[in-house]
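Engineer: Residue numbers (my numbering), protein chains in the order written: chain A, 1 to 113; chain B, 1 to 115.
The hints are simulated quantities; they were obtained by calculation from the structure and are not laboratory data. Predicted, not measured: the structure shown is a model, and the values here were computed from it. Using N, Cα and C, we set each Cβ at its ideal position, and we do this for glycine too. Treat the hints with care, as some may be off.
As the list claims (entries may be wrong) - Here are the computed lysine-lysine pairs in the DSSO-like style, where the Cα-Cα straight-line distance is at most 30 Å:
1. B/Lys42 with A/Lys65
2. B/Lys37 with A/Lys65
3. B/Lys102 with A/Lys18
4. B/Lys114 with A/Lys18
5. A/Lys57 with B/Lys107
6. B/Lys68 with B/Lys102
7. B/Lys3 with B/Lys69
8. A/Lys11 with B/Lys71
9. B/Lys107 with A/Lys11
10. B/Lys102 with A/Lys65
11. A/Lys18 with B/Lys57
12. B/Lys3 with B/Lys71
13. B/Lys114 with A/Lys57
14. B/Lys42 with B/Lys69
15. B/Lys42 with B/Lys114
16. A/Lys65 with B/Lys3
Stated by the list, open to error - Covered stretches of chain B (in silico footprint by chain A; criterion: 3 or more residues with CB under 8 Å from a CB of chain A, positions within the stretch not fixed):
17. 21-34
18. 44-58
19. 103-115
Claimed, not checked - From the structure, some residues in chain A lie toward chain B, with a derived Cβ separation under 10 Å:
20. Ala3
21. Val4
22. His29
23. Tyr50
24. Ala52
25. Glu56
26. Gly58
27. Gly63
28. Tyr64
29. Ala92
30. Gly107
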Amino acid sequence: EAAVTQSPRSKVAVTGGKVTLSCHQTNNHDYMYWYRQDTGHGLRLIHYSYVADSTEKGDIPDGYKASRPSQENFSLILELASLSQTAVYFCASSDWGPQDTQYFGPGTRLLVL
Amino acid sequence: GEKVEQHESTLSVREGDSAVINCTYTDTASSYFPWYKQEAGKSLHFVIDIRSNVDRKQSQRLIVLLDKKAKRFSLHITATQPEDSAIYFCAASPNSGGSNAKLTFGKGTKLSVKS
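Next up, chain A with everything else stripped away, as it sits in the complex (with noise of 0.2 Å):
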């Protein structure tokens, strides 16, 4: 079974400070990916990797960074946390490129006062 962690689990932030949402995988995928999700909006793409030291932007990039350090390893950056980036995010990750399953974390809720 595929293995995708999300740490924190939930966070509460502050506006205008740095969150930092880190995802780890154990399946040895070559892809990572970035979503939110809001109510009406469904999930949204933020980043995604498809190589360690390497990220592309997806959907919706503004206000975000990521990072990937490792083929294991996928953050997600909120260098000036903004009230509207309030929201739960989900990280996932798959073998060989988006028309592969894609294996989702149990995602982190983060609210920005």
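Assemble chain B onto chain A, guided by the hints.
Structural biologist: For chain B alone, coordinates are given in the frame of chain A:
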């Protein structure tokens, strides 16, 4: 870029009936169409997919139909059970990988199966 519209935001059926969730997409280059399920308070997991080289795929009680001309695909759940209650997301991908690797999701359909 690709846009995926999921037509039913909510759907309620009686246990044992069939449920149908419909999605449309915009990019004619899309060739991969998966479905994911999210149970209440949980993460998403894959349930079934279809690729553009076929127009029908079945896995137990799940059937996916693809109409490439209409750019439409649908998920049929037969003989529904209470444990089918969840949010279902359709998605589409026109790319195979590399720097253009994106899977675009619909907004989700909340299915309630009433016993």
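Engineer: Looking back at the hints listed earlier, which ones does the structure fail to meet?
Structural biologist: 4, 8, 11, 13, 14, 20, 22, 24, 27, 28
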